[in-house]
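Protein chains in written order, with my numbering: chain A, 486 to 930; chain B, 17 to 437.
Simulated from the structure, these hints should not be mistaken for laboratory data. Nothing here was measured: the structure is a model prediction, and the numbers come from that model. Just so you know, not all the hints are guaranteed correct.
[To be verified] Simulated pairs of lysine to aspartate or glutamate, EDC-like, Cα-Cα distance not exceeding 20 Å:
{"hint": "1", "chain 1": "B", "residue 1": "K142", "chain 2": "A", "residue 2": "D640"}
{"hint": "2", "chain 1": "A", "residue 1": "K840", "chain 2": "B", "residue 2": "D89"}
{"hint": "3", "chain 1": "B", "residue 1": "K142", "chain 2": "A", "residue 2": "E847"}
{"hint": "4", "chain 1": "A", "residue 1": "K840", "chain 2": "B", "residue 2": "D216"}
{"hint": "5", "chain 1": "A", "residue 1": "K705", "chain 2": "A", "residue 2": "D805"}
{"hint": "6", "chain 1": "A", "residue 1": "K500", "chain 2": "B", "residue 2": "D89"}
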Amino acid sequence: MKKTFRGGTHPPEFKLTAGFASQKLPLPEIVHIPVTQHIGAPGRVIVAKGDEVKVGQPLTEPGGFVSAPAHASIAGTVKAVGNYANPLGKEMATVTIEGNGSDDWFEGIEEDPDWQSVDADEIRARVKNAGLAGMGGAAFPTHVKLAPPPEKPIDTVIINGAECEPFLTSDHRLMLERPEDILEGARLVARAVGARQVFVGIEDNKPDAWEALKQAVGEKNDIQVEMLPVKYPQGAEKQLINALTGREVPPPPGLPMDVGCLVQNVGSCVAIYEAVRYRRPLIERTVTVSGGGIKQPKNVIARIGTPFARLIEAAGGYEDDAAKLLMGGPMMGMSQWTDIVPVIKGTSGIVVLGKAEASLAEENPCIGCGRCVSVCPVFLLPTNIARLSQLEMFDEAEELGVVECIECGSCTYVCPSKRNLVQHIRFGKTTVLANRRKQAQKQSA
Amino acid sequence: MVSPNDSAPDSGATPEKPEEVKPEAKKEEAKPAQAEKPAASAKPAAPKPVPPKKKEEAPQRQFMLSSSPHLRDTESVQRIMITVTLTLVPAMLGAAWVFGMRALMLILIGGAAAVVTEWAVQRVFKMRSTVGDGSALLTGILVSFNLPPGVPWWIPVIGSFFAIAIAKLPFGGLGWNPLNPALVGRAFLLASWPLHMTKDWLPAFWWKLPGYSFFTWNVSPSKLMVDGISTATPLEVAKNALKILKNPEGNPTDILATAGDRFAEISSRVIDMAVGTIGGCIGETSAILILIGAAYLFYKNYIDWRTPFSMIAVVAFGGWMFGGAEGLFTGDALFHIFAGGLILGAFYMATDMVTTPITPKGRLIFGVGAGLLTLMIRMIGGYPEGVSYAILLMNLTTPLIDRWTVPRRFGHVVKAADAKA
Ligand code: SF4
Ligand code: SF4
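Just chain A, with the same shape it has in the complex:
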């Protein structure tokens, strides 16, 4: 039997773009680079309007340990520093650069011939300088993950190639196109934290990717490439750890390192490899542009800061009935009100849904079928927690573990009564967390 986790569901895969090589997007003439694309302290902007910048030039200075710099992704002139639309749902501090058409790189970004022998501290330093932050959604600065406290040693590194979201194939393509680079990145991660084993987890709807990585590992045999059954949310950190090692990460604030694990996405591995070997900052990434509302779904390699509209154009533009624009996949992606928002480090895909796909169903009472209970990967009782949240009975919801919900949306997906379970639960979760913060503030005051 293949390894997997308990719970989960199987939405239709819609992997329309898996068969096509990723296409490099022409240099955009304008990019909007949000100053903060990670969780943690915001950076300080070190360029001003009118400055000339080159590709890879730092635009910000990290604002602390848990912080990552942003870099210019094209060469040109800084046109504005100010607030701009952001795919994470708010306006955020953004540096806008108008390109000069050239692709001049910032000095010092060159290959290190001795890259194989750099030590753990140097790996972390280069990763930090490169501004790496998780590339699978909400983004934690990578160098922080690479620096576990000494009392929490990491023995297992897990490379996340599950890509369980429908439509998305950017990781799949990366595994086919750059398997060696992924493995090199994985080895660097293992070296940085001193892990003794490395797993790559791939869902079995991507046998070619599994094959490619298996082959790339070859005789060396230092990395175990594992096939996992297709199941959502296999790509969720805790579920992937559970599937591959059987360990269960403790509930929040528990972290993977509490069970000796570290998870990196395949895209991050490539970026780590480039950061260490070439000292290259993260200035571009593979993005899936797909969905029923897109004319020619495809994967593109786009510079960070490129407006969504450019990528959609490259994918043939919108179908007439395009109704919903998402950053990320349809299970956890965020709906966007406009396509002027830029690609950020965590943009794994842009999915446009047609009218039919996007339609919202009317909510009916729970019929107690228990489907939400059986799919919840955290073993919660979604129907009860959702109802308690609706009734604003937050203490009771907290008792049932509302804050442990990973917001994977499986419960809402399967509910035959079309209840907006995770939406209610999210409301409860944010409220409980806000109350906790208030409490903590009161106590410290």
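Please build the complex by placing chain B with the ligands on the supplied structure of chain A, with the hints as guidance.
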């Protein structure tokens, strides 16, 4: 690159806009539309949702906003109810074969009465009509399945009316009813018209007897009795046999012999009971046809194996242990499985989603509890059959069971031994 929660614990919710958190926000139109409304409000600084910096890039398209997930399974309540109803068709046709057209008519009358009741009540009280979800039809059919085949036509009408108008809608309709409506309907009928409900049995294939035809409607169960054909159901026979044993009058060897004969007789008819060519309620005679339907429900994952199997196992084991004439462990387990409404009850009533627990462990407990109660009623209670009361009683405990069986949550464990390494 999907990593739900690829981050610090508190982070998941932070990027969400506060508006998106509100689950009620159903069909938020794209924000820019609001910017165009006349600024009649007193507030001077109307919030500008669009960063006006790049005029030339102003969005031409408006997109729907909602919070994830943006994909829904095609499964719906309606589809579940209709599928469950369709899986009952084999048993319906079987009932028609054994009990004639009359049985089929009673089923249709029950179903129609339930649908009409739901429609009418919701209309009178100006409630949203839910007739379309198919649950009323299913309830009505199940009410009829629990009737003796010789009852007059108004029995299923009253049963269905009671099930829908008293046991379901006043509680808020589908999803809110604490008790299985079909079983409440049956219990009401049993209490109000006990004679019809316990004496209107017809022997299998009565319509083949001289003077009757497949389409015969008017039939008098008592007349058939007079004609010398036993219409007693197997469970009644068994109960009488036990009674003889318990209240011995006359020669003890005779008593044992009589009881033993009766048991031998019913045991020899287990096959008939499984196939359904024997007396009993309309829908519960043929275990095999019901199992065919239930198999499909398993395949579709509409019912959890835990409830029916634990319930049946408990009844079978208990029947084997206590149900025999010659002491412990001489009972006939198969007889207890196929007798009466156990199969129908276990697969179609004890698995009713609304009135049974939602947790896996809870469903197991529910099944065991319903099995034990069935046994107790069969063995020591006043009614020959206890399945429906057993399930109704367990329905009452459902909220409690759910509360007791909250599952262990992910990560709440002693760390795996492996993690120390
Ligand atoms: S309750 Fe949370 S973790 Fe569980 S299925 Fe729903 S969204 Fe996923
Ligand atoms: S999936 Fe929906 S209908 Fe089923 S138990 Fe959960 S909330 Fe209720």
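Going down the list of hints, with the structure as the test:
no.: 1; hint: K142(B) <-> D640(A); verdict: 64 Å, violated
no.: 2; hint: K840(A) <-> D89(B); verdict: 16 Å, holds
no.: 3; hint: K142(B) <-> E847(A); verdict: 19 Å, holds
no.: 4; hint: K840(A) <-> D216(B); verdict: 56 Å, violated
no.: 5; hint: K705(A) <-> D805(A); verdict: 51 Å, violated
no.: 6; hint: K500(A) <-> D89(B); verdict: 17 Å, holds
Comparing the model with each earlier hint shows violations of hints 1, 4 and 5; every other hint is respected.
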